[in-house]
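Participant: Each chain is listed here by its residues.
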Amino acid sequence: MPASANRAAYLLIAPALLVLAATSLYPAIYSFALSFFNWNWGARFDFIGLRNYADLFQSAEFWQVLYQTFLFAIVATGLELLLGLGLAVVVDRLGFGAGIIRTLLLTPLMVSGIIVALMSKILLDPMLGFVNYLLIWLGLPPSPFFGTTATAMSTIIMVDAWWQTAFVFIIVLAGLQSLAQEPIEAARVDGANSLQIFFRIKLPMLRGVLFTVLIFRTIDTLKVFDIIFGTTGGGPQIATEVMQTLAYRKAFSFLQMSESMTVMVIFSTIVLLICLLYMRLESFLVEV
Amino acid sequence: MGIARRDQLERALAYLISLAAILLTLFPIVWLLSVSLKSQRDAFAVPPKLLFEPIADHFLGLLDKPGFVDAFRNSVIVTAMGVAIAITIAIFAAYSIHRFRFRGKQLFGAWLLLAYMLPEFLFIIPLFVLYQRIGWYDSHIGLALAYQAHSLPFAVWLLRSFFREVPLDLDDAARIDGCNHLGALRHVYIPMAAPGIAATAILTAIWIWNELTIALSLTFSEAQTITVAVASFRGYTSINWGGMAAASIVAVLPMLLFAVVAQKYIVKGLTLGSLKG
Chain A
1 MPASANRAAY
11 LLIAPALLVL
21 AATSLYPAIY
31 SFALSFFNWN
41 WGARFDFIGL
51 RNYADLFQSA
61 EFWQVLYQTF
71 LFAIVATGLE
81 LLLGLGLAVV
91 VDRLGFGAGI
101 IRTLLLTPLM
111 VSGIIVALMS
121 KILLDPMLGF
131 VNYLLIWLGL
141 PPSPFFGTTA
151 TAMSTIIMVD
161 AWWQTAFVFI
171 IVLAGLQSLA
181 QEPIEAARVD
191 GANSLQIFFR
201 IKLPMLRGVL
211 FTVLIFRTID
221 TLKVFDIIFG
231 TTGGGPQIAT
241 EVMQTLAYRK
251 AFSFLQMSES
261 MTVMVIFSTI
271 VLLICLLYMR
281 LESFLVEV
Chain B
1 MGIARRDQLE
11 RALAYLISLA
21 AILLTLFPIV
31 WLLSVSLKSQ
41 RDAFAVPPKL
51 LFEPIADHFL
61 GLLDKPGFVD
71 AFRNSVIVTA
81 MGVAIAITIA
91 IFAAYSIHRF
101 RFRGKQLFGA
111 WLLLAYMLPE
121 FLFIIPLFVL
131 YQRIGWYDSH
141 IGLALAYQAH
151 SLPFAVWLLR
161 SFFREVPLDL
171 DDAARIDGCN
181 HLGALRHVYI
191 PMAAPGIAAT
201 AILTAIWIWN
211 ELTIALSLTF
221 SEAQTITVAV
231 ASFRGYTSIN
241 WGGMAAASIV
251 AVLPMLLFAV
261 VAQKYIVKGL
271 TLGSLKG
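Quick mapping for you: the protein sequence lines, in order, are chains A and B.
Using the working numbering, the first residue of the first sequence is number 1, and each one after it goes up by one.
Using the working numbering, the first residue of the second sequence is number 1, and each one after it goes up by one.
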């Protein structure tokens, strides 16, 4: 590789590096540094070492919020993967009208999270909402949905599933449609039925695609903010508070700037570890 | 049961499930639209009114709501700026990592991935502090730049996938014809990957238009975006369903129209990146 080519390569990425340095590298370092101070947007600005970390690790609230973040991410991702995969298999079977059906099923991805949140508040209103009316009409008990600590989290998971299942669906569908046809045809000739073909042949061939979708949904659900901010705001009490809403509340409601950054440093470390774990797993999966 | 008959049954079942899924997908949006056209009394009626006298009051009311029209305009400006910055810069960066091997390339790739994956507030709270000091808080450019932490990695990564589809022969031919790298980029890659660039721009625009977290933290009034304006309708004290629904419809309509017009590109962009990584 001649030196001039090397220089060209660097020149071409220079603008991207510059912008990324300003918008992500600098802020990440700043957050990390400030997590060792006690800055609350005032004049006080003392180095306090690991005190923020110790305080957080000793607070029951922090552990509850961390637990809830993972609960939401795991259940929502699992649900969306199952529904999205099922829907993709179904739409893959369609002939006439498959294109328009696919387009219609993609609509939720065009809707911003805050609108999804407000829409669900109207539909799931305990007293006046359409869904409870429907439940009663069907002879089922109505639900308080966002209103109680017992039901709020599962309601938000449902809302996220409505919103993001389409993401899993569209990618798995594209994966299904690009599978090599020979092994599938061979199995069919041998008399395998659709279920056998799906579980024995298609699903193993889709492993890579499913894994990619799993990574994206896990990280995205861990970072959930809009639909919680727009519906419960983390409540009732702190039953639906997650890491990102906690950081927002600490910084913008209480001006606990360095504590908020500490929350984000811890959370980012966790996200980073999950990314690394997935990368290891992926190379393992590819080798197998 | 014969194979053909079983096949037919399976297909019928597939249509049935698809229809149910479409109903579940579209019903909330249709309901939102109906609430935006109902009077307060009709919206709160139990049992729900399926037939009602549609009114435009809630939409007209948005025109009088302070800042709502400005918020729409701000979103148009910030989305245009954000997409322009991301695509321009990403084209060069994507070409560089597609075409060259250089020291630190892997590190650059890892940083792109991290910037994309790490939680927003890790970046936003420091940017909030910085922007307060340099006067970029509540400004279009400040917000459009802050979006790059997410949009730029996405655009670079997707554009590289599209550049990979350009035949290497064409690249070589351009070089033999005396083109330098910028020439090859301009005469080969950009025209060949134009649909891919469009797909990237469209997906970036959708993401920025719909983004709330960053806009909520970095804008207040002057540069407040449509999502922040819509968010101001939330809260249990507000029972203005009509206004809330009308604002949501206004905010979502451009994206739905976009989806109809650019559906092909959207699907291409969403799937190519994930399938070929």
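Keep in mind that a hint or two might mislead.
[Unchecked claim] Label-pair restraints from in silico Cβ distances: (1) A/F254 - B/E53: 56 to 64 Å; (2) B/R164 - A/A187: 26 to 34 Å; (3) B/I55 - A/L71: 41 to 49 Å; (4) A/Q237 - B/L168: 56 to 64 Å; (5) B/R103 - A/R188: 48 to 56 Å; (6) A/V189 - B/L24: 35 to 43 Å; (7) B/L16 - A/A54: 56 to 64 Å; (8) A/P183 - B/V69: 36 to 44 Å; (9) B/K264 - A/A150: 56 to 64 Å; (10) B/V46 - A/I74: 19 to 27 Å; (11) A/V189 - B/L23: 33 to 41 Å; (12) A/P126 - B/L16: 44 to 52 Å; (13) B/A80 - A/I74: 20 to 28 Å.
[As the list claims (entries may be wrong)] Every beta carbon over 12 Å from chain A, so not counted as near; a handful from chain B, in silico: (14) S18; (15) V76; (16) A155; (17) S221.
These are computed hints drawn from the structure, not numbers from a lab.
These numbers come from a predicted model, not from an experiment.
Backbone N, C-alpha and C fix where the C-beta goes; we use that ideal spot for every residue, glycine too.
Participant: If you check each hint against the structure, which ones fail?
Facilitator: 1, 8, 9, 10, 12, 13, 14, 16
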